[in-house]
Amino acid sequence: MAELFQIVVNTVNHHLKVIYDDGELQREATIRQYRIVQLEGNREVSREIEHYSLLVILAVGYRVRSHRGWWMRILNKRRKNYRK
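Just so we're aligned, residue 1 is where the sequence shown starts under our numbering, counting upward by one.
None of these hints come from the bench; they were simulated from the model. Just so it is clear, CB atoms sit at the ideal spot from N, CA and C, and this is done for glycine as well. Among the hints, erroneous ones may be present.
What the hints assert, rightly or not - Computed beta-carbon distance windows for the label pairs:
{"hint": "1", "residue 1": "R78", "residue 2": "E3", "range": "20 to 28 Å"}
{"hint": "2", "residue 1": "E40", "residue 2": "W71", "range": "33 to 41 Å"}
{"hint": "3", "residue 1": "R43", "residue 2": "D22", "range": "26 to 34 Å"}
{"hint": "4", "residue 1": "V45", "residue 2": "R73", "range": "16 to 24 Å"}
{"hint": "5", "residue 1": "G23", "residue 2": "R43", "range": "39 to 47 Å"}
{"hint": "6", "residue 1": "H51", "residue 2": "K80", "range": "24 to 32 Å"}
{"hint": "7", "residue 1": "V9", "residue 2": "W70", "range": "17 to 25 Å"}
{"hint": "8", "residue 1": "I49", "residue 2": "I74", "range": "25 to 33 Å"}
{"hint": "9", "residue 1": "L39", "residue 2": "R65", "range": "35 to 43 Å"}
{"hint": "10", "residue 1": "Y82", "residue 2": "Y34", "range": "32 to 40 Å"}
{"hint": "11", "residue 1": "I74", "residue 2": "V37", "range": "37 to 45 Å"}
{"hint": "12", "residue 1": "W71", "residue 2": "Q38", "range": "26 to 34 Å"}
Claimed, not checked - DMTMM-like, lysine to aspartate or glutamate: derived pairs with alpha carbons at most 20 Å apart:
{"hint": "13", "residue 1": "K17", "residue 2": "E50"}
{"hint": "14", "residue 1": "K17", "residue 2": "E28"}
{"hint": "15", "residue 1": "K17", "residue 2": "E40"}
Starting from the given sequences, assemble the full structure and let the hints guide the process.
Next up, the structure:
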C-alpha cells in the first residue's frame, strides 16, 4: 500500500491503526493471511504475509496526503457522479 500511494510504511501503519481502533472496519473481516514460500540461497523460507481487502485500501487512500491519494479521491467522486 505504501508503494501504491507513494508514502512510507509508517504512515500506512498509522492509518491502519486509526481505522481499526476507531472501529471503522473490523480487522478480522478485512485481512487475510497468505503463506509465501521462497528460496533464499539453497533453503526454502515461508512467511505469513497480510493482504488487505479493497475496503481497507480505499479507507487508507482517503486519509493519505499524497498525489495518488488525492487522485483516488477525485476519481471516486467522478465515479459516484457517473452512477447518478
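Hints the structure fails to honour: 3, 4 and 15
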